[in-house]
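Engineer: Knowing the structure of chain A, use the given hints to seat chain B on it.
So the sequences go chain by chain: A and B.
The first sequence begins at 1 in the numbering used here and counts up one residue at a time.
The second sequence begins at 1001 in the numbering used here and counts up one residue at a time.
By construction, these hints were calculated from the structure, which means they are not laboratory data.
Just so you know, not all the hints are guaranteed correct.
Stated by the list, open to error - Cross-link-like lysine to any residue pairs, in silico, SDA-like; alpha carbons within 25 Å at most:
id, chain 1, residue 1, chain 2, residue 2
1, A, 288, B, 1436
2, A, 280, B, 1434
3, A, 288, A, 265
4, A, 203, A, 253
5, B, 1416, A, 197
6, B, 1027, B, 1011
7, B, 1416, A, 26
8, B, 1027, A, 213
As the list claims (entries may be wrong) - Stretch by stretch, here's where chain A covers chain B in the computed footprint (C-beta under 8 Å, at least three residues):
id, stretch
9, 1106 to 1119
10, 1207 to 1214
11, 1238 to 1244
12, 1384 to 1393
These numbers were taken from a predicted model, which means no experiment stands behind them.
Cβ coordinates follow ideal geometry from the N, Cα and C atoms, glycine included.
Now for the letters of each chain:
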Amino acid sequence: MSNPPNTMAAPQRGTGFWKENLREYGMMISLVAIVVFFYFTTDGVILKPLNLTNIILQNSYIVIMALGMLMVIVTGHIDLSVGSVAGFIGAVAAMLMVQYDVHFVIAAILCLVLGGVIGAIQGFWVAYFKIPSFIVTLAGMLVFRGLMIAVLSGRSIGPFDPTFQKLSSGYIPEMVSSANGIYVTSLVLGLGLAVLLVWQNFKSRARRISHDVETEPFGFFLVKNLVIFAIIGYLAYLIASHRGMPNVLIIMALLIAAYAFFTNRTIFGRQIYAVGGNEKAAALSGIKTARLTFFTFVNMGVLAALAGLVFAARLNTATPKAGLGFELDVIAACFIGGASAYGGVGKVTGAVIGAFIMGVMNNGMSILGIGIDYQQVIKGLVLLGAVCVDVYNQRR
Amino acid sequence: MLAPVVSADRPPILEMRGISKSFGAVKALSDVSFTVREGEIHALVGENGAGKSTLMKVLSGVYPHGSYEGSILFDGHERQFRDINDSEALGIIIIHQELALIPLMSIAENIFLSNPPSRFGIIDRSAVHERTKALLAKVGLSEAPDTLITNMGVGKQQLVEIAKALSKDVRLLILDEPTASLNEKDSAALLELLKEFREQGITSILISHKLNEISAVADRITVLRDGRTVGTLDCHDGVVEEDEIIRRMVDRDLESRYPTREPKIGELIFEVANWSVYHPQHSERQVVKKVSMQVRAGEVVGISGLMGAGRTEFAMSVFGRSWGRNITGTVRIRGQEVDLSDVHKAIKAGLAYVTEDRKQLGLILPEDIRKNISLAHLGGVSTRAVIDDIREMKVAQEFRNRMRIRSHNVYQETGKLSGGNQQKVVLSKWLFTGPDVLILDEPTRGIDVGAKYEIYSIINELADAGKAVIVISSEMPELIGICDRIMVMHEGDFVGEVAGEEATQENIMRAIMRRKERDQ
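Isolated chain A (complex conformation) (with noise of 0.2 Å):
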C-alpha cells in the first residue's frame, strides 16, 4: 500500500482551483462575446451611454430577483411566485403611497416586510410540511396575480412621488461639477471599484501563496486583473458620460457584493449548499435543513419585493401587468449562469451574469429590430444551449 504523497510541503498540483473558476470564466467570456457581436452588429449603439444605463435600469429587477432565486435553487428548489408577487408588492406601494399618502419610506418598509410574510408563508409549507415548492410557489403565482389585479381594481395606480421615483430613475448625486460633460463622481466610484476588485484579488493571491497553495499562474492573473479592470473601467467611463450612475445601479452593487460574500464564505452560505448537495446528510451532519429552507423562501421574498418596488418606481405606476413572466426570466438568469436543476450547485456571480446576458440579448435584438416571436426564440434557444454545454462539462 503506498502512501499518498505528503502534500503539506509542496503546493498541490491538480484540478482544485482551475474546477471551480472556470466556469465562471466561461460565463464572463460568453457575456463578453455577446456584448462584441452586438457591438459590431448594432454599429456600436449597444455601448452607447445612454443605452448601457438602459441595459442596467431595465435588467436591475431580474438581477434583484436571480439573487434570491439562485438560493432557493441551490437548495433544490423553485420559486415561481416570484413576478406575481413583484408586481403585488409594487400595487400595495402604490395603494399606501398614492391613496393612503403613506410616506414612501414608510411604504418600502412595509412592502419589503409584507414580502417576507409572503415568503415565509410559501416556505413554511416547502419546508416544514415537505409540499413540493413547484405547487406552492404555482399556488402562490395565481393567489398573488388575483390579489394585485384586487388590490388595482384592474387600473393603474400612479404616479409616485418624485422621491420614491428616484430610486429608479434617480442617479446618485454629482459632487463636483461636471467637466466635458463626464460625471466624475461616479467616474471616481466606478474606479475605485475596479482598484478594490483587483487590490482584493492580489492580496488574496499573496494569502494562498504564503500558504502554499495553488494558485493560477502569474502571467494569467495579471492579465485576468487587467482586463477586470479594464472593462470595469471603461463600463465607469461610459456611464459616467451620460448621467452617471443610477441609484439603483449602487443597490445592485452592494447586494451582489453581500450575497457573493455571504454564499461563499459564510458558514450559512456553506450549509443551503450542502441542503441542496444532499438534503439527508446535510439533516444528519447537524445541520437545520427546514430551517435554511424557510429562510431562502423568506428571502426570496424580501428581495421580490424589493424588485416589485424597483419596477414600480421605474414605470411611475402600478399596472395589472407588471411583473408577468418575470419569473421565467429570473429562473432562466440562474439556470444560464451554471445553477443546477438538481439543486447543490450554482453561484450568486453566474446568476447575475446570466442576467446580464439575458438582457443584453433583449437589448440588442431590439436595437436589431428583431420581433419579440423571434426573440423568444432565440433566448429559449441560448437558454437550453447554455444548460446542455454545462451537462456536457459535468459528465466529461
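Structural biologist: What follows is chain B alone, placed relative to chain A:
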C-alpha cells in the same frame, strides 16, 4: 465441500481472451483472460478498482465491441456485442448491485417490463400473472405477483431480480455483490438458490467481497488485481483458504485480517437507559424496546443482530432523534444527562454517527473532500461565521494524510472516490467534530479487504485515544475480530451479551435463536 457437479473437461461456455480496456490514460484492464465452464459457479474477486465491474461491462456489451481489445467467445463462437440487448439475447444476464426495480410497480410489472406477453399489443394480464407466479416459485418466493416492490425487503427484491433474469431464459447469470445489503439468513437463501441453478445447468458468475460465501458455493475462483488476472483457483483441488484468496487479491500477507489491540478500558462514558422508539409511520409498532447499554472509554462494543433487529433505528434515534417517534429514555455522557433532541445538540454533546449508507446519508457526493470533512463542524474552520478557506484546506489535508485517503488532492469530488476512500472521508468528518462517542453503522460495507483493514486500524486508534466506540455490523466475523464486547439485538431488544474473547458466530446466533424459541 460439495461433490463436484462440474468436471474439468466440461466445455467452456464463456472465454474472454486478452481483454484490455483503457479510459483515457488509465488502463482498467490489461490482457485479462477469463474462462467459465458450463454449469459452474465461478467467483470473481478482487479489491475495489481491480477491474471486476469493467470486465463484466465488457462482457455484457455495456462497453461495445471495438471499445476494447481482445475477444469474447460464448458457446465457442466469437461474439461482438454492440449493446446489452445483444448479450441478453444469448442469455447473459447481469444483476447489478444497485437493483434496477421500479419501486411503485408490482412484481409482475417489473419482471415483464420490457417484453410482457401480449396479444395484439395489449398486455395479457392473466398470462403475466401465471408466469410471474411460476417464476417466483422457482426462486422460492410466495409473494403475490401484484405486490408492490416498495413493500418488500431488500432480500426479496433481490430474488425478484433473479426471477426477472429467469424470465429471459438465462444461461449465464452474473451477480454483482448480491448479498451486500442482505442479512445472513437472506444471503444463505440466495446462495442455496445459486446451487439449485447449478443443478439445473445455469452457469453463474458471482462477484463478492464476502469470502466465506465464495468458499461456500464457488467451483472456481478467479482473482483480479490492478486490471490483471492473478490466477484461477479450483475449489475441487482441495479446500481453498480464505487467506490464500486475500493474499492473491492484495499481493501481501495480512498477518491477520484484524489488527490487534490491547484494550485499555477506562471510565464509563456513554450510558443509554430505557430507550424506546416507535415506528414513524406505524405508530403502534415499537421498534426499540426499552433497551439500555453502557460503553466505557477505550472500549469497542459491537451490536450484532439480523437485519430488521432495530440496530440502525436504535443508533439513529439516539443521534438527535433522526429516526422514529415517541422516543423515550435517557442518555448520559460522562455521568451528565444530555439533551439529544436534534442532531446539532447530539454533535455538541460529543456524539458522532457514521451511517450505514454513505452515499445517500453520509456524503455530499458532488462536493469535494475538503467541504465534506468540515461540514459537521464548520465552526472549527471559521471566525465569526466566516469560513477561513486556508484553515479548512489544511484541516482537510491533515485528515487526508492521517487517514490515508487516496485522491489527487482535497479538491476531488467525493462522488469519484472508491468506497473505502469515501468511508475515510466520512470518518474524517466525524473525527473533526471531536466526539467522545462514535457509533459506526456497517463501517466496512462494500469496501475491499485492504481498506477494511485500514478502517479497523482507525477504530483501534480511536479506542486507544479513549473514545467509546460502538460498531454495528451484519458481518459477525468482523465484530468478533474487533470488539471487546458484543451486544446481540433481536426484535428491538438486547437479548445477549458476549465478551470479545469468547465470541463465536455460534454463540451469537444461539442468543438470537434462544429468544426466538422463547417468543414462539
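Engineer: If a hint holds in the structure, say so; if it does not, say that too.
Structural biologist: Against the structure, the hints:
1. A:288 - B:1436: Holds, because 22 Å separates the two Cα atoms, which is no more than 25 Å.
2. A:280 - B:1434: With a Cα-Cα distance of about 22 Å, the restraint between residue 280 of chain A and residue 1434 of chain B holds, given a limit of 25 Å.
3. A:288 - A:265: Measuring from Cα to Cα gives roughly 18 Å; hence the hint holds.
4. A:203 - A:253: holds, 21 Å
5. B:1416 - A:197: violated, 35 Å
6. B:1027 - B:1011: violated, 31 Å
7. B:1416 - A:26: holds, 24 Å
8. B:1027 - A:213: violated, 30 Å
9. 1106 to 1119: Since three or more residues must qualify, the claim that chain A covers the stretch 1106 to 1119 of chain B is violated, with 0 doing so at under 8 Å.
10. 1207 to 1214: violated (count 0)
11. 1238 to 1244: This one is violated; 0 residues, fewer than the three required, reach chain A with a Cβ under 8 Å.
12. 1384 to 1393: Our answer is that it holds, as 6 residues pass the Cβ test (under 8 Å) against chain A, meeting three.
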